[in-house]
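With the hints as constraints, model all of the structure from the sequences given.
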Amino acid sequence: MRRFLLSLALILCATGLFAQVENAQVNGSFQVDGQYYQVDEAIGITQENIKGNKFGINGFGKINYSLGNFTAGIRYEAYLPPMSGFDTRLQGVGLANYYASYDNGTISVTLGDIYDQFGNGFIFRTYEEWSLGFDNSLRGMRVIYRPTAGVTLKAVYGKQRFYWASYAATESRGLVRGIDGEWDLNQSFKAMNDSKFRASVGGSFVSKYQKNTNSTYNIPENVGAFDGRVNLGYGRFAFTTEYAYKINDPSAFNNYTYHEGQALLSSLSYSQKGFGAILQVKRVDNMSFKSDYKGVKNDLDINFIPPINYTHTHSLPAIYTYATQPLGEMAMQLQVNYTIPKKTILGGKYGTKITLDFSQVNDIKRNYILEEGQEAPTHISGYDGTLGYTSPFFAVGDRKFFHDFNIEIERRLSKKWKLIAQYINLYYDMETIENHPGAEVVKANIGFVDLSYRITSKQSIRFELQHLWDNINKSNTDESATVGHEDVYKKRGNWAAALVEYSVGAKWFVSLGDKYNYGNPIADNRDHYYTASVGYIHESTRIVLTGGRQSEGMVCVGGVCRVVPASSGVSLSITTSF
Amino acid sequence: MKKTLVLLFLSVLFLGAKAQSDLPNVTLKNLDGETVNITELNNDGKPFVMTFWATWCGPCVKEHNALSEVYEDWQEETGVKIFAVTIDDSRSTPRIKPFVEGKGWEFDVLLDVNKDLARAMNVSNPPHTFLFDGNGKMVYQHTGYFEGAEEELYQEILKLNK
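Respectively, the protein sequence lines represent chains R and P. All residue numbers for the first sequence refer to the numbering used here, where the first residue is 1 and numbers rise by one. All residue numbers for the second sequence refer to the numbering used here, where the first residue is 1 and numbers rise by one.
If you're looking for bench data, these hints aren't it; they were derived computationally from the structure. By construction, the Cβ of each residue, glycine as well, lies at the ideal position given by its N, Cα and C atoms. A few of these clues could be false.
As the list claims (entries may be wrong) - Here are some of the chain R residues that sit facing chain P, going by a computed Cβ distance under 8 Å: (1) Tyr-115; (2) Ala-277; (3) Ile-308; (4) Gln-335; (5) Tyr-338; (6) Lys-353; (7) Ser-452.
As the list claims (entries may be wrong) - Among chain R residues calculated to face chain P with C-beta under 10 Å, some are: (8) Ser-108; (9) Asn-120; (10) Ser-131; (11) Arg-146; (12) Lys-273; (13) Gln-333; (14) Val-336; (15) Ser-457; (16) Ile-461.
Listed below in structure tokens is the structure:
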């Protein structure tokens, strides 16, 4: 840490003082979210998890500095204490991130905290999601070399951020090293510059080193992972595919099984103006890759396995959001976007946009490796200390985790009115996705209408109505049947939601909303989540004051979308940049 | 020691430096997979707009649908160009092209998969819209979208064309 700061400061001094400082540029941003809580056990805010703290504050300030080919930056973070819903290990303040970088177009060298990814991130991706409290940046060094047009070579080396844990500690996590190469043929060969045929290939290797401190298992100290990818295009068609392989990597996450890991993602798309379609298929088998074999949940992920289902941002469908199952899944998605031309009978005066989307995720097929007389394992990865299972590559498992069929229509009705309507059919295996043993599958239908009206050129009003029909509802499930399983009924049953938002000159807005779980089988859970917000926006500054109760999830209010934790009380959010 | 270094660092940072105006040195890809250096973005001396959006962001999609309706008129009247930078991560990368084409958008789309440009331009929550003059100087920015907000952006573009 000190060594990095020192070198950073020295480089800065040297360039800053001896070069033409008047050409330097500084920019930065600042965000603070503060919350005043009330204990509200119905939505999971208990005396216990706020630990008697009436306030939670998350804030950051960052500054970027650039001078010619040289850039540097720092980010200071403060969690005093972290807001409810964020990991308590974030508690504290400090310089969470800093870097210095030189890039002359051919070669780029970065020292400090690095965010990068190889391909889709199957074997390496470091990123930061402030609103989720997620940051797995790599502190170390990155070199990028672009020897000729179309060729990019990369190398990274370092140790990942783990909340505020010291980077000097050797036990908590290992080292990560990786190399990646990408070659775009169209940019390399003059003859192909304007060709209808497009092609690029890439490949990478990532290895982690962590000392084995486990006395039960012989854990490999070096774990390597390989990745290869191809992108092809011809005219309106595009085909991309990526495959990754990881050697055996027993960890707390996969129940210390010695199974190898594999991932494959392929997509085929067609696009022309007004019409676009894509089909994607994916297979994931034991691809959790962490720089600590003891890590659980999202801790210290080195890689990222992209989910390929539709990302819903309206509050009711967002209640049941799918999360990738790194231990195994077979998934597919089909999406069609079509614009019915304007001034046609179906398209109307302004045209109509339609989106159709279907995705489904099943488990992979597993044949467990069992000894004589051994029963099927309780952990999905099989018995610890063994190879776990075998799995035929193209076979789809019987267990369905998720499906989502939805159709969305967007149409301007007149100069003043605009309508968006959506229908969604969801299948959600709560037992697997939320790790709630015994939970029944959610089969839900959701309808959604968003209507905006321009009152004048400066004022507008927007209405949002949503309804969710659940297969388990107060009408078919008696409260007595829920005794002992209260956990899995928290958000079950029908929901209704409404929102009104009024804005003036894209500067001021007021919104009022309510979400009501009126069909919950448990009478005490039939809760209202009412919120009122008022906000002011000027250029890049945004100040929003919200009161009421919020359940956790994605919230799109006041013209932007953010992930928010459950809260009850009053919150204030300030964002600005300069 | 550490504090002194930080102070030194900060004082050097601010010494004679001025606020953000130009385009950062970041390399992104376009929809055809070609690399584009952001410092080279321009519109032949005419103003250009840079928007940050994502497929999962409802207000962003609304904003771009609204911009798409007026883009032709705006181009005829002012010659303005729109660079639409998506911050979608790899879960959506292959979907961007059919999505953009299917919506009929005619903007120059850039993929900021690793959020390098978003970080360099301090974009926290999408949508975030920037207006640059013909020399690549940033003259106006705005976050969020409400029905009709594109009119305000147009007024700013008109100011540059005077």
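Results of checking the hints against the structure:
no.: 1; hint: Tyr-115; verdict: holds, 6 Å
no.: 2; hint: Ala-277; verdict: holds, 6 Å
no.: 3; hint: Ile-308; verdict: holds, 6 Å
no.: 4; hint: Gln-335; verdict: holds, 6 Å
no.: 5; hint: Tyr-338; verdict: holds, 6 Å
no.: 6; hint: Lys-353; verdict: holds, 6 Å
no.: 7; hint: Ser-452; verdict: holds, 4 Å
no.: 8; hint: Ser-108; verdict: holds, 9 Å
no.: 9; hint: Asn-120; verdict: holds, 4 Å
no.: 10; hint: Ser-131; verdict: holds, 8 Å
no.: 11; hint: Arg-146; verdict: holds, 8 Å
no.: 12; hint: Lys-273; verdict: holds, 6 Å
no.: 13; hint: Gln-333; verdict: holds, 8 Å
no.: 14; hint: Val-336; verdict: holds, 7 Å
no.: 15; hint: Ser-457; verdict: holds, 6 Å
no.: 16; hint: Ile-461; verdict: holds, 8 Å
In summary, the structure agrees with every hint in the numbered list given earlier.
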